[in-house]
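> Taken in sequence, the protein lines are chains H and S. With our numbering as the guide, the letters of the first sequence map in order to residues 1 to 163. With our numbering as the guide, the letters of the second sequence map in order to residues 164 to 445.
Hints are computed from structural coordinates only; laboratory data are not their basis. Note that the structure is a prediction, hence the values are computed from the model and not measured. Please note that the accuracy of each hint is not assured.
To be verified - Per label pair, the in silico range of CB-to-CB distance:
1. G384(S) to K45(H): 48 to 58 Å
2. Q413(S) to M115(H): 46 to 56 Å
3. I139(H) to D420(S): 15 to 25 Å
4. Q226(S) to L146(H): 24 to 34 Å
5. I139(H) to I228(S): 48 to 58 Å
6. I78(H) to Q413(S): 22 to 32 Å
7. G384(S) to V74(H): 25 to 35 Å
8. I78(H) to N373(S): 29 to 39 Å
9. K88(H) to P437(S): 40 to 50 Å
Unchecked claim - Covered by chain H, according to a simulated footprint, are these stretches of chain S (three or more residues, beta-carbon under 8 Å):
10. 279-285
11. 290-300
12. 322-334
We treat Cβ as the ideally placed atom computed from N, Cα and C, and that holds for glycine.
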Amino acid sequence: MSVILSIPVLGFISILQSAVVSRLPLNHGTADLVLVVLVAIALQKTSTTSWQWSIVGGLFTDFISGLPFGIFTVSYLIATGIAHIIRKRIWRFSFLMQLLVVFSGTVLSHGMAYMVLFLQGSNISFITALQVVTLPSIILNFMLSLPIFILIQDILEQVHPQE
Amino acid sequence: MNIRFPKSLRIIAISLVAIGILALALSGVFTTFSRWVVSPMTSVQTWVSLQYQGVENFVSASQDIREIRQQNTELEAENARMQAQIVELQQQLVEFKILSALLEFARANPEHQYIGASVIGRDPSPFLNYIIINRGSDDGLRRGMPVVTQNGLAGRIVQVTATGARVSLVTDPITKINVRVEPSRSAAVLSGSITGDITLEQIPQDADVNPGNLILTSGLGGNYPANIIVGQVTSVRSRENDLFQSASVQPVTDFSDLSIVLVITNFEPVDFNPLIPDSGTP
């Protein structure tokens with residue numbers, strides 16, 4: 001998919017994340033729509049520009065978020081890297097791989113956010129953060145993963161039809 | 164043999180026959196006869212009339228059904244429009260209630276100048292309790308301006324763009340606000356957490372703090388104006404060996420349902436950094 005296309009698509013998804021998804025928490029966790037979309041794109045065999053999409057998605061989310069700039073970009077790039085490794089190593093990957101990468105990406109981005117807040121002097125309990133923020137966020141991301149994975153797969157099959 | 168009568172005689176004869184028949188008919192002689200003739204005619208006419216009405220009804224009814232269906236479609240569309248209008252009006256009513264409450268708050272606190280703003284988003288990271296509002300530097304907003312709701316303090320602006328601003332809520336884990344407890348006027352520090360709970364820390368051991376006491380901004384530190392209500396004490400934790408008491412606070416603002424806020428524009432946060440001596444200076 002074209003890199004230019006990533007700007008309006010991920011821009012809209014970032015707006016959707018801030019305006020809608022972040023207002024629908026489970027306990028204190030929220031889904032990361034951008035991460036789920038980027039992982040679904042990175043896991044498709046026909047996708048050739050997933051790195052660029054990750055950078056664009058990360059930059060959009062970093063612009064919207066109050067966390068130090070770059071945290072989302074770095075965590076999305078690492079999640080894309082994990083997806084690429086899985087894509088190369090495993091011949092026939094399934095939807096479970098999407099869950100695995102989404103889990104890794106969520107833990108990674110939350111870990112980085114936790115570290116930043118800890119360094120800024122916030123006395124957040126690690127166990128509390130895990131229980132009330134990270135685990136509910138993982139569950140929400142899992143719930144979003146299946147429909148988004150199927151949607152991205154269908155779109156990419158339409159864009160790059162297999163012979 | 165053909166007998167030809169004069170024309171006038173024929174007319175008279177026919178007239179007499181007609182008058183005779185009429186007289187007989189009026190006298191009732193033809194009644195039985197007419198029954199024999201008229202009854203089957205009536206039956207036939209009734210049957211024909213019924214068939215005709217059936218055909219007429221079929222033709223006109225199909226036209227009526229078309230009209231009824233058209234009317235039904237129009238009514239359904241109107242109903243949908245009315246439903247949408249009701250939802251819109253309900254939404255406007257909620258907004259109106261919030262705006263009137265905000266106006267009341269502004270009237271009750273005339274020492275401040277306010278700009279109203281709508282909440283258009285939240286921070287994508289669940290670790291930060293930030294909201295995004297639709298007013299920015301183009302509207303005169305600046306970093307550090309306090310943000311309130313009709314109930315009390317909501318937070319302060321931490322970042323401004325031309326058309327939007329990011330507001331750190333009082334429940335944010337990094338937030339620290341200097342407050343005082345009423346009626347004892349004890350000073351304390353309010354801090355947020357990732358769970359959205361806010362706690363009161365560094366309350367002196369000798370301070371008389373009880374559940375139900377009000378928490379107001381003290382104005383110390385220069386980040387917030389004084390006397391803005393923040394919450395109410397729900398429980399107090401005090402141990403003899405601790406230096407300070409702590410307390411749980413119920414915020415007055417419902418942060419899960421923020422839609423419209425007021426930004427206090429005539430408050431200048433005080434920057435103490437120039438007064439802090441460098442570590443190298445004697």
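> Each hint should be assessed against the structure and marked as holding or not.
Results of checking the hints against the structure:
Judged by the Cβ atoms, the range 48 to 58 Å given for G384(S) and K45(H) holds: they are separated by roughly 57 Å. Separated by about 31 Å at the C-beta atoms, Q413(S) and M115(H) break the suggested range of 46 to 56 Å. A hinted range of 15 to 25 Å holds for the C-beta pair I139(H) and D420(S), which are about 23 Å apart. In this structure, Q226(S) and L146(H) break the distance hint of 24 to 34 Å, their C-beta atoms being roughly 52 Å apart.
A beta carbon spacing of about 54 Å between I139(H) and I228(S) agrees with the range 48 to 58 Å that was offered as a hint. Here the CB-CB span from I78(H) to Q413(S) is close to 40 Å, at odds with the stated 22 to 32 Å. Checked against the hint of 25 to 35 Å, the pair G384(S) and V74(H) passes, with Cβ atoms roughly 34 Å apart. Distance hint for I78(H) and N373(S): a CB-CB separation of about 50 Å, inconsistent with the stated range 29 to 39 Å.
At about 56 Å, the beta-carbon gap between K88(H) and P437(S) misses the expected band of 40 to 50 Å. Note: the segment 279-285 of chain S has 3 residues with beta-carbon separation from chain H under 8 Å; the three-residue rule is met and the coverage holds. With a cut-off of 8 Å between beta carbons, the segment 290-300 of chain S has 4 residues touching chain H; three or more are needed, and the interface restraint holds. Only residues whose beta carbon comes within less than 8 Å of a beta carbon in chain H count, and the segment 322-334 of chain S has 3; three or more means the coverage holds.
The structure fails hints 2, 4, 6, 8, 9 (numbered hints given earlier, in ascending order).
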